[in-house]
Amino acid sequence: MKLATWNVNSLKVRLPHALDWLEANQPDVLCLQETKQEDSKFPLSELQQAGYQAVFSGQRTYNGVAIISKAVLEDVMCGIPDFPDEQRRVIAATLNGVRVVCIYAPNGQSVGSEKYQYKLSWYLALRKWLKNELVCYPRLALLGDFNIAPEDRDVHDPKAWEGNVLVSEPERAEFRELEQLGLRDSFRLFEQPEKSYSWWDYRMMAFRRNMGLRIDHILLSEVLIPVCTDCTIDRAPRKLERPSDHTPVVANIVI
DNA sequence: ATGGCGCTTAATAAGCGA
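Counting along the first sequence from 1, when you hit position 166 you're at 166 in UniProt numbering, and nothing is skipped either side.
Hints may be right or wrong, so weigh each one.
[Claimed, not checked] What follows is a set of in silico ranges between Cβ atoms, one per label pair, in the way DEER data are often shown:
{"#": "1", "residue 1": "Arg188", "residue 2": "Val254", "range": "12 to 22 angstroms"}
{"#": "2", "residue 1": "Tyr118", "residue 2": "Gly163", "range": "14 to 24 angstroms"}
{"#": "3", "residue 1": "Lys115", "residue 2": "Ile255", "range": "31 to 41 angstroms"}
Treat the hints as calculated values from the structure; they're not laboratory data.
Even glycine gets a Cβ: it sits at the ideal position worked out from N, Cα and C.
The whole structure should be built from the sequences, with the hints applied where relevant.
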């Protein structure tokens with residue numbers, strides 16, 4: 001079973017890239033973030049023609065998440081229970097007995113800002129919910145744009161980024177709290193190239209200079225860790241014309 | 001170096017992302 005996540009930064013603009021990528025890679029499930037589309041405008045028929053079904057929770061301009069799958073999607077949930085939020089950041093569904101949770105974590109803007117506080121409270125609510133979710137669904141995968149670079153090796157210039165949003169200690173502590181639930185960063189289960197990142201700023205030729213961060217992740221629950229065979233970052237879509245600033249992360253599990 | 005680029009809504013600029 002091939003699982004993937006990709007922040008497309010507007011599904012309207014990136015639909016051709018997404019369809020090409022699905023055709024070339026044939027994942028069983030692809031989690032999307034920053035679709036930036038109201039549900040009425042979601043390109044369901046185009047995806048169905050490509051052999052996929054989808055569930056989605058979007059809004060105009062900002063945020064928006066979707067799960068695209070070859071298999072039937074069941075028990076669909078949007079948002080975090082008991083965490084009222086206008087921002088469409090979470091969607092979950094079960095397919096082939098695996099609970100797939102797709103997240104677009106808040107950016108946080110700057111350390112100490114209101115948006116940063118929102119980010120930390122959002123992570124607290126997420127982890128409290130997932131603790132229960134893992135009881136109901138021991139086979140669980142948490143995929144998405146976490147907007148956290150977990151360690152210094154996930155940052156192109158740790159000194160320049162030190163203390164900044166996306167790498168600050170309270171954010172990294174939240175990432176470790178997720179690991180305390182038994183979730184593991186599938187990327188680090190395997191030997192990886194140095195300087196592996198999933199996002200590069202559009203400016204300053206950051207991609208060409210590999211000035212990136214690894215902030216998109218696939219976390220797997222304890223029972224899925226032993227059956228994970230690989231996790232890779234696919235840099236190819238970042239080289240296309242008008243790319244998303246993020247690139248897909250892919251993991252395979254044998255179930 | 002507080003800019004840079006790209007997307008969105010809106011409207012001929014401004015907010016936001018990371």
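Verification of the hints:
Between Arg188 and Val254, the C-beta spacing of about 19 angstroms keeps the proposed range 12 to 22 angstroms intact. Between Tyr118 and Gly163 the C-beta distance comes to about 19 angstroms, which sits within the given range of 14 to 24 angstroms. At about 38 angstroms, the CB distance of Lys115 to Ile255 agrees with the hint of 31 to 41 angstroms.
Going through the hint list in order, the structure satisfies each hint without exception.
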